[in-house]
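Respectively, the protein sequence lines represent chains X and V.
Heads up: the first sequence is residues 37 to 232, going by my numbering.
Heads up: the second sequence is residues 37 to 232, going by my numbering.
FYI, nobody ran anything at the bench for these hints, they're computed from the structure.
Some clues are possibly wrong.
Straight-line alpha carbon distances no greater than 27 Å define the calculated DSSO-like cross-link-like pairs of lysine-lysine that follow [said to hold, decoys possible]:
id	chain 1	residue 1	chain 2	residue 2
1	X	Lys63	V	Lys58
2	V	Lys58	V	Lys160
3	V	Lys63	V	Lys152
4	X	Lys62	V	Lys213
Please read all numbers here as calculations on a predicted model, not as lab measurements.
2 protein chains.
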Amino acid sequence: MGRRSDHDRDELFELTVQAGQKILAKKGLEGVTARNVAGAIGYSPGTIYNLFDNLDGLLFEINSRTFDDLVDRLRSVPAQTDVVEHLIAFAVTYLEFVSSAPHSWEAIFFHNASHKAPASLLEKIEAPLKIVEEVLARLPKPLSQDELRLSARVLWSSVHGICLLVLSDKLGTISMKSVEPLIRALIENYIAGLTA
Amino acid sequence: MGRRSDHDRDELFELTVQAGQKILAKKGLEGVTARNVAGAIGYSPGTIYNLFDNLDGLLFEINSRTFDDLVDRLRSVPAQTDVVEHLIAFAVTYLEFVSSAPHSWEAIFFHNASHKAPASLLEKIEAPLKIVEEVLARLPKPLSQDELRLSARVLWSSVHGICLLVLSDKLGTISMKSVEPLIRALIENYIAGLTA
DNA sequence: TCCATATATTGAACAATGTTCAGTTTTATA
DNA sequence: TATAAAACTGAACATTGTTCAATATATGGA
Numbered sequence: 037m038g039r040r041s042d043h044d045r046d047e048l049f050e051l052t053v054q055a056g057q058k059i060l061a062k063k064g065l066e067g068v069t070a071r072n073v074a075g076a077i078g079y080s081p082g083t084i085y086n087l088f089d090n091l092d093g094l095l096f097e098i099n100s101r102t103f104d105d106l107v108d109r110l111r112s113v114p115a116q117t118d119v120v121e122h123l124i125a126f127a128v129t130y131l132e133f134v135s136s137a138p139h140s141w142e143a144i145f146f147h148n149a150s151h152k153a154p155a156s157l158l159e160k161i162e163a164p165l166k167i168v169e170e171v172l173a174r175l176p177k178p179l180s181q182d183e184l185r186l187s188a189r190v191l192w193s194s195v196h197g198i199c200l201l202v203l204s205d206k207l208g209t210i211s212m213k214s215v216e217p218l219i220r221a222l223i224e225n226y227i228a229g230l231t232a
Numbered sequence: 037m038g039r040r041s042d043h044d045r046d047e048l049f050e051l052t053v054q055a056g057q058k059i060l061a062k063k064g065l066e067g068v069t070a071r072n073v074a075g076a077i078g079y080s081p082g083t084i085y086n087l088f089d090n091l092d093g094l095l096f097e098i099n100s101r102t103f104d105d106l107v108d109r110l111r112s113v114p115a116q117t118d119v120v121e122h123l124i125a126f127a128v129t130y131l132e133f134v135s136s137a138p139h140s141w142e143a144i145f146f147h148n149a150s151h152k153a154p155a156s157l158l159e160k161i162e163a164p165l166k167i168v169e170e171v172l173a174r175l176p177k178p179l180s181q182d183e184l185r186l187s188a189r190v191l192w193s194s195v196h197g198i199c200l201l202v203l204s205d206k207l208g209t210i211s212m213k214s215v216e217p218l219i220r221a222l223i224e225n226y227i228a229g230l231t232a
């Protein structure tokens, strides 16, 4: 039984999110139930609803942190003078992250929320796209704001599609090594077409 | 109350699948519950389990038909002498289908089945890839079976990623018209890179 | 025609889910 | 120390998928 003196609200919030992440990593999305999470932190199910509006809220928070993690990884990709090389490094970083933490991404790709995601999460989903836009803006050919926005989205979506492929084929014949040269071809030539 | 004499087993199966499809189209994936489907065909919930091993079975059947539909659409794309044009026509066909029947594709992309999909469904998922492979095989450059397989998958996955983008942005600013030229650039240049 | 057998259908019941909230316990404050 | 505020509980509710004994219906042979 959880005691009020054990943790203040912020600590408890943090504890809950981490318990959720741990369960997600171990049991997958379907393991993240109110009773499981409550049990893991030593509180009763009702307490979850003291911290979050609903269970979706917990998953939104977890997903939000996964995006933070992705953004950190993208930001720490070494700067490349060549735009194409930079974008390829982004894609590979994304692919490796998805591949190494599949359940975190399962929660992002396949969680069917009954409630609306908060604006803060929607912003974080946008963050990687902003980073891609920044790099695309360095292309010699001048692109309008709209062109930049759309082409970043299309490029990232196609990389995203390939992440899904890798994710769905965890036990199959498609490895990172076999996909990387094709990602390279995809990006190299998409950019070539964009700037033609 | 359903009467045994109303339909034989095959008719009832058909009736159930169609009821499922109708509910899916109208209410989305979350509307497809055992009780809803049973109510729609005038039988009790238990009857559903006489026709399918479980509810996933019904959704597998519905998804299977969606893939059949896609394959029909791809097969009726007018033959193009140019491989790239042919692939672009495929992608546009796919995009338009997803865009016009979003809930059918929601069931394919976001249904988290508790049970394993039957081999027959897995084969149907492969069918569009086979069609893409066939066209890729017409490229002047000779590709090995493995190269063909992998590049078809990567190409289709990236188109798939863009379908998801369009699907997730049904009310947003991304239209078919704005995406089509970028799909074109994506495919044109991916193939250029592949055959270089 | 009528009974016996096989099949189809029902619907109550079970477990698990998210969620609520009246009641209890604990802490902070005056 | 008494009172108010906040946190926490856990039983309860509605809704899921799913099962299965009981019932209803159809079939085929005497």
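Here's how the hints hold up against the structure:
Of the supplied pair hints, the one linking Lys63(X) and Lys58(V) is violated, its CA atoms being roughly 34 Å apart against a limit of 27 Å. Straight-line distance between C-alpha atoms of Lys58(V) and Lys160(V) comes to about 21 Å, which keeps the hinted pair within the 27 Å bound. Straight-line distance between C-alpha atoms of Lys63(V) and Lys152(V) comes to about 25 Å, which keeps the hinted pair within the 27 Å bound. Only pairs whose Cα atoms come within 27 Å are accepted, and Lys62(X) paired with Lys213(V) is rejected, the gap being roughly 43 Å.
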